[in-house]
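These protein sequence lines map, in sequence, to chains A and B. FYI, the numbering for the first sequence is 1 to 347, going by the UniProt record's numbering. FYI, the numbering for the second sequence is 1 to 347, going by the UniProt record's numbering.
Simulated from the structure, these hints should not be mistaken for lab results. Fair warning: this is a prediction, and the values are worked out from it, not measured in the lab. Some clues are possibly wrong.
Same chains, same label: a pair holds when it works inside one copy or across any pair of copies.
To be verified - Cross-link-like lysine to any residue pairs, in silico, SDA-like; alpha carbons within 20 Å at most: (1) K48 with P307; (2) K13 with E71; (3) K54 with V26; (4) K54 with G118; (5) K310 with A248; (6) K13 with A64; (7) K54 with S161; (8) K310 with A83; (9) K48 with S27; (10) K54 with R122; (11) K13 with R65; (12) K54 with G151; (13) K13 with R60; (14) K13 with E126; (15) K54 with L145.
There are 2 protein chains.
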Amino acid sequence: MTATQPGPVRNGKRPSVTDVARLAGVSVGTVSNVLNRPANVAPSTRAKVEAAIKELSFVRNASARQLRSGELNTVGAVVLDIANPFFTEMARGIEDRLAQDEYTLMLCSSDENPEREGRYLRLFEEHGVRGVIATPSEGSLDTLLAMRGRGIDVVLLDHTSPLPDLPSVAVDDVGGGALATEHLLAQGHTRLAFLNGPLTLRQCADRREGVLQTLAAHGLDPAEALVEIPLEALNADGGDEGMRRLLASAGPVPSAAFCVNDVTALGALRALRDLGVSVPGEMAVVGYDDVMFANMLATPLTSVRQPMYKMGWTAADMLLRRGAEGAAAEQVEFEPELVVRASSISG
Amino acid sequence: MTATQPGPVRNGKRPSVTDVARLAGVSVGTVSNVLNRPANVAPSTRAKVEAAIKELSFVRNASARQLRSGELNTVGAVVLDIANPFFTEMARGIEDRLAQDEYTLMLCSSDENPEREGRYLRLFEEHGVRGVIATPSEGSLDTLLAMRGRGIDVVLLDHTSPLPDLPSVAVDDVGGGALATEHLLAQGHTRLAFLNGPLTLRQCADRREGVLQTLAAHGLDPAEALVEIPLEALNADGGDEGMRRLLASAGPVPSAAFCVNDVTALGALRALRDLGVSVPGEMAVVGYDDVMFANMLATPLTSVRQPMYKMGWTAADMLLRRGAEGAAAEQVEFEPELVVRASSISG
DNA sequence: CAGACCGAGTGTAACGATTCACGCCCCCGG
DNA sequence: CCGGGGGCGTGAATCGTTACACTCGGTCTG
Chain A
1 MTATQPGPVR
11 NGKRPSVTDV
21 ARLAGVSVGT
31 VSNVLNRPAN
41 VAPSTRAKVE
51 AAIKELSFVR
61 NASARQLRSG
71 ELNTVGAVVL
81 DIANPFFTEM
91 ARGIEDRLAQ
101 DEYTLMLCSS
111 DENPEREGRY
121 LRLFEEHGVR
131 GVIATPSEGS
141 LDTLLAMRGR
151 GIDVVLLDHT
161 SPLPDLPSVA
171 VDDVGGGALA
181 TEHLLAQGHT
191 RLAFLNGPLT
201 LRQCADRREG
211 VLQTLAAHGL
221 DPAEALVEIP
231 LEALNADGGD
241 EGMRRLLASA
251 GPVPSAAFCV
261 NDVTALGALR
271 ALRDLGVSVP
281 GEMAVVGYDD
291 VMFANMLATP
301 LTSVRQPMYK
311 MGWTAADMLL
321 RRGAEGAAAE
331 QVEFEPELVV
341 RASSISG
Chain B
1 MTATQPGPVR
11 NGKRPSVTDV
21 ARLAGVSVGT
31 VSNVLNRPAN
41 VAPSTRAKVE
51 AAIKELSFVR
61 NASARQLRSG
71 ELNTVGAVVL
81 DIANPFFTEM
91 ARGIEDRLAQ
101 DEYTLMLCSS
111 DENPEREGRY
121 LRLFEEHGVR
131 GVIATPSEGS
141 LDTLLAMRGR
151 GIDVVLLDHT
161 SPLPDLPSVA
171 VDDVGGGALA
181 TEHLLAQGHT
191 RLAFLNGPLT
201 LRQCADRREG
211 VLQTLAAHGL
221 DPAEALVEIP
231 LEALNADGGD
241 EGMRRLLASA
251 GPVPSAAFCV
261 NDVTALGALR
271 ALRDLGVSVP
281 GEMAVVGYDD
291 VMFANMLATP
301 LTSVRQPMYK
311 MGWTAADMLL
321 RRGAEGAAAE
331 QVEFEPELVV
341 RASSISG
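Work out the full structure: start from the sequences and follow the hints.
Structure follows, in structure tokens:
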């Protein structure tokens, strides 16, 4: 009992069905049957084969299997940032739905880097995944369309589809941006800051659009009423740094800030705290996503809620159903919901 | 220009090297050379082949490629809970290190479910991943050892290795548990609550061990000084519910609570707030991990910090280096660090 | 009793890319 | 003019699995 390796000693190679067949004294076809259609094999034979499998600790070679039979129960997903709870919550939704059908999720994070995103998409395709769920960044839409042209199911996540027959799950971000802005204006603020990411990201562009529309609807001139702060990174440090830049900027400082997501809002709040600016007294803050910790912060964060888990679940569901019954392409759009908390309430 | 599909019309099948070769008027061997050793191909030939590849929008079949050549630049990782920032931060570290060597990460979340974890591990092996990084749950260690026996590199993450030649990256959780307890005792608390997960999880068992050791060192009887609350789930809701149970329990209520991680501490704090129990006045709280939002909560959370990103990075680095130069198995252990904040400071 | 049928198992041709031992051609030096 | 390389390409063998057409006893049916 001093063996350090379980099972028989390997001779440097994985055993194959052939090895199993030889050991069990049957043909490879039978081994394959035991593996895939056990009901078609006599119990005694099956037992012999199973014994041989255990003996050799044989593990199916997925590459060969897939090469021959084409099918693969894997779905790839590319999200913008795996460290953002917004995306991990969606990932959970995807995974749970996929697990129901014995599918597996391959999750990758593009870090908003189109090149990295492209690399992952290519990898997925080379591996022959059944489908892809992606939160596309700028430019990758073409790649996705090309993949779809080659027969890979694609579902856009957190992005409304530009094409009628391309399924997507999204949230009305223009509406969400409007919701936040409307709320801030209702609180009496007349000059707002918008800490936003690159406009090449649809989410950022749309939320901005909502801001501008709302300003216009109230007869406000953006040049007067809006200070836009472009963020270096859509994480806490980016938000922190952006807020510092806002406070240091020339001209009258706004009395309210809308952050493009909760993680950056977290950073912004940190900067405000460190600089001794009171929230919401001197600066009201609104975030976006309503992630897990939003309501537990020093000043609970007003945020625009998105049904993250449900979005992920729905996207996976659409992907699976689409393949299964050739369902028509749906384009689901959820409505965002403003959750008002202390960070934006002056009274 | 009304084609809805980019590229030439597919006849229902992916083009293969053979198709490319035919179109380019060369042999399949040459196509393969263009793909893998472009320097060995004359520029004019290469151009022809590349044109054909574009024309057909050919995509390599990774299964066939790997079947023949064996190698695959993919590493699999299984973490306990993808929605916990502790794990996603580690995942980022892994991914970044892997990207340096053009490796790709396949990330899966076992939800502390051994069966699900086993499924993912088997899947990885069937796919022939180069190595596996895993935060093992109960029982899966055998599976991992078996995989290693079959030639797959394994690195344990957030788990000290039980075997000298099995590499691992971990944090001294006994020490971490002691740190937290020592701190709470130093604050004058004499009766502590410990909101913990299942002891089948090494992290939970070790931190508990640290708690008990420290209690003993101070001459305290656990039966008197410790109230253990088993958590249903290691997430915010679990922590919330656990704290409510604690407050509702019979006997003198402790004046301090140690939560096994920050996410559950978040939930516990939420329950305390909702029930109107002041922190740290009526109940001091300490968490574990020091995740991103710990210092931004209503009452900034005292926590035991772990170098998450670095842990992930190191694990990936060990995996890659091990294969590359047959380096000896290291077992890295990081030291946890107590970060004291308002949630546990009585003065 | 012939023929159909059945369950159980066999053997082999794919699947698509890579590899490798060889050809072929052309140029160069002796 | 011949031998020898080098540079470019060729094409068949191969990886491990699955699908499929097939064999082989034996039992049922009319």
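> Out of the numbered hints, which ones does the structure contradict?
Replying inline: 1, 5 and 7
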